[in-house]
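Could you put together the complete structure from these sequences and hints?
As they're listed, the protein sequences go chains P and V. Counting in the working numbering, the first sequence runs from 2 upward without gaps. Counting in the working numbering, the second sequence runs from 1291 upward without gaps.
No wet-lab data here; the hints were simulated from the structure. Every residue, glycine too, gets a C-beta built ideally from N, C-alpha and C. Each hint should be verified, as a subset may be incorrect.
Stated by the list, open to error - Result set (BS3-like, lysine-lysine): computed pairs, CA atoms no more than 30 Å apart in a straight line:
(1) V:K1348 <-> V:K1585
(2) V:K1457 <-> P:K142
(3) V:K1582 <-> P:K142
As the list claims (entries may be wrong) - Label pairs and their in silico Cβ distance ranges:
(4) P:A29 <-> V:N1383: 58 to 66 Å
(5) P:L355 <-> V:N1467: 55 to 63 Å
(6) P:E205 <-> V:N1383: 38 to 46 Å
(7) P:S212 <-> V:S1358: 49 to 57 Å
(8) P:E205 <-> V:T1361: 29 to 37 Å
(9) P:A244 <-> V:T1361: 57 to 65 Å
(10) V:T1635 <-> P:Y373: 39 to 47 Å
(11) V:K1457 <-> P:E291: 20 to 28 Å
(12) V:P1407 <-> P:W219: 31 to 39 Å
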Amino acid sequence: MSDSSAPATSGSAAHDPTGAPGAALTTADGVPLKQSLNRAIRRSRIKALLLVAPLLVFIGLAFVMPIFDMLSRSVDNPEVSTYLPRTSEVLVDWDGEGLPEEAAYAALAQDLAAGLKARNLGRVASRLNYEKSGMRSLFMKSARRAGRMEAPYKAALIKADEDWEDPDIWRLIKRESSPLTASYYLAAVDRQFSPTGEIVEKPEYLQIHVSLFIRTFWMSAAITGLCLLLAYPVAWLLATLPASRGNLLMILVLLPFWTSLLVRTTTWIAILQQQGVLNDMLVGVGILAEEARIQMIYNKTGTIIAMTHILLPFMILPLYSVMKTIPPSYMHAARSLGAGPITAFRRVYFPQTLPGIGAGSILVFILSIGYYITPALVGGQSGRFITNFIAYHMQTSLNWGLAAAIGSILLVVVILFYLVYNRLIGVDKVKLG
Amino acid sequence: MSVINQFTASFTTSRPGMPLRSLLAVAVAAAGMSAGAAQAETLNIVSWGGAYTDSQNKAYHEPWEEKSGDTVVNIDKSSNALSGLRAQVQAGNVTWDLVDMLPSDALIACSEGLIEPLDPDTLFAAAPDGTPASEDFIENSLSECFVPQIVYSNIVAFNTEMFPEDKQPDSIDDVFNLEEFPGKRALQKKPINNMEWALVADGVAPEDVYEMLDSEEGIERAFAKLDTIKDSVIWWEEGAQPPQLLADKEVAFASAYNGRIFDAEVNEKQPFSIVWDAQVFELDGWVVPTGKLDKVKDYLMFATDTQRLADQAKYISYGPARTSSAALVSTHADTGIDMKPHMPTYGPNFETAIPKDDEFWADNLDELSQRFNAWLAR
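Okay, structure coming up:
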């Protein structure tokens, strides 16, 4: 970034004087100076661009494209229109009242038979089964008979399965035959379309995502707060100790930072589990009775403890880098002017560390709402994050559209936090060490 | 002079000549090797890992490697086989050659065109007495794209040392009876099996379970029954966990695949026992990813024949899926114990067995999983 902007600013600085009327300066070979300068600037810009080109291409391929692909999956809805082409065309003209005409049944019978033969009917059956249980077998069963059906198809299909007499099923097919859908986003916030097309809440026993979003946010906030509490004194110590001891302390901060995430997480399991080190110690010294061992892991407590530890360096380092730049003379001056230690800290020292607090907090918060492996290992049932459900929908329920919708919502929230932060503190003030 | 001439002559001619000849030799050797390689291939076979993959290694892979020169690479990904297949087919880069899968997943994969249709009588060997494969496999076990290897069972097992000798659990009701049989229960973290067992423990006859589950009343009844033990349940996700939890006495009961419990009982001498009451049995078998049929044809013919299926039952207590194999099932390969009483299909074990209803779960798994997860989070 700075490579390409440096010539640009020097260029505009050089540009101003030549802009004066009548001062048509030329270079040695007779080209006007302005033109020659512009050419030189353009050349250096192209060079700079070429230098960063591999990185840009890499970011585009490995970062921007996958994100775009994920975002598009959350609304992409090709199944019905692709695999039931005739039906979706006929249904365009259907008003959604009562049952559709014979033409729609005939088109469906044709589509079912063709889909079974081409072995892609399962894709549309899976898609519609997300919206309504039982659609898969309705499609597969009817398709097996569709090849032998004869007109009138309406009667034949209803004979094959009486669900074809249900207008709601036809409305569902019509709704999902549009190439874009909001269903995944609705499902991500525990809503759904009612048969008549209104957005309604899902039944309570199916609601899960909203409470997980809320849990993810408040636990991330708690982890950020704990990190700040623990990191602030450590960072202060690091910044004020003489270099030799400060470096030793810094190594103690960085050593766990360099240790594998899995090792640190499993270490917490060994320490916190019911038959673990901490419970053994408490029982050993008689603070706890043998049968009163505390459940400290596989719940919220476990997630908060392990994640606070893992994310602590991300708070310490920005705080340290800011505190390092605050001259100790400020505090001395405040004290000599009569401020007590608390006032001096509150009015002189603390405000100067705000950029560090902001940088560390935003970093820890954003990292923790996207955290996945630690909650999965130590979170049990109650300490899981929404990210664990993204993984669940990717790997187990295979509802990739829903996973993409949840992921997109998280992405939007992170961007919002970033914008708010930028407004309040300014991203240019972020220092990461 | 002539000596020098001869020398230089031989030098100039043989110098380029020798490498050319050796190059040719190398090329010929390489051609020979690649011709050999066209026959000796590397097969990427996806399965469940642990004791189950071990039994396949001994019964199928090792004999086949010896016979054909192929190399078999085991990939322990069957628990995510369907999503793996979808991802590989979508990306247009299928690296799996043969996948061990449940029939319910195979139904879905087949209808989405992810796997090859398999014609039993041309692809699988006939029984030794000449019965064609289509009639030799257990009735209704073959489907369009799926060939079964085994019948396995989901059961609840317990550690016999956790209960007094005169009061050992023997029915599914006992699993839900915290008063008489205290201790934690390890159950698999999905609605399948747990909902069936909850209903049976609540008094529903095994044969009526799916009819009951197909109604709102049945679902509520199952969750209400599960509620009674919810606080004592540890949820597991990998097949290797339940034997470990039982061995560590972390839990008193654990739902598991019967073969894993057998493996721990026999090979590790663990004091485990199985509650066969209300076992939920199903098949497990092979599917071929689209485009891979030619590559695995020969292996598949070999690995699904009567003897091979019977051989697998020497290593793990899963019933062979061919009728003709059943007669050949004898004793455990290492310990020599009789395998028959450990099979899910053994008479006394089979009395209250529930056949897993693949169609019910294909339709309802999406919604019931969501409901199950919401129930867990409450």
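Evaluated hints:
1. V:K1348 <-> V:K1585: Measuring from Cα to Cα gives roughly 21 Å; hence the hint holds.
2. V:K1457 <-> P:K142: Judged against 30 Å, a Cα distance of about 48 Å means the pair is violated.
3. V:K1582 <-> P:K142: holds (28 Å)
4. P:A29 <-> V:N1383: 58 to 66 Å: holds (59 Å)
5. P:L355 <-> V:N1467: 55 to 63 Å: Holds - the Cβ-Cβ distance for L355 of chain P and N1467 of chain V, about 60 Å, lies within 55 to 63 Å.
6. P:E205 <-> V:N1383: 38 to 46 Å: Taking Cβ atoms as reference, E205 of chain P and N1383 of chain V lie about 43 Å apart, which means the hint holds.
7. P:S212 <-> V:S1358: 49 to 57 Å: Given about 55 Å between the Cβ atoms, the range holds.
8. P:E205 <-> V:T1361: 29 to 37 Å: violated (54 Å)
9. P:A244 <-> V:T1361: 57 to 65 Å: holds (58 Å)
10. V:T1635 <-> P:Y373: 39 to 47 Å: holds (42 Å)
11. V:K1457 <-> P:E291: 20 to 28 Å: holds (25 Å)
12. V:P1407 <-> P:W219: 31 to 39 Å: Once the Cβ atoms are compared, 51 Å apart, the range 31 to 39 Å for W219 of chain P and P1407 of chain V is violated.
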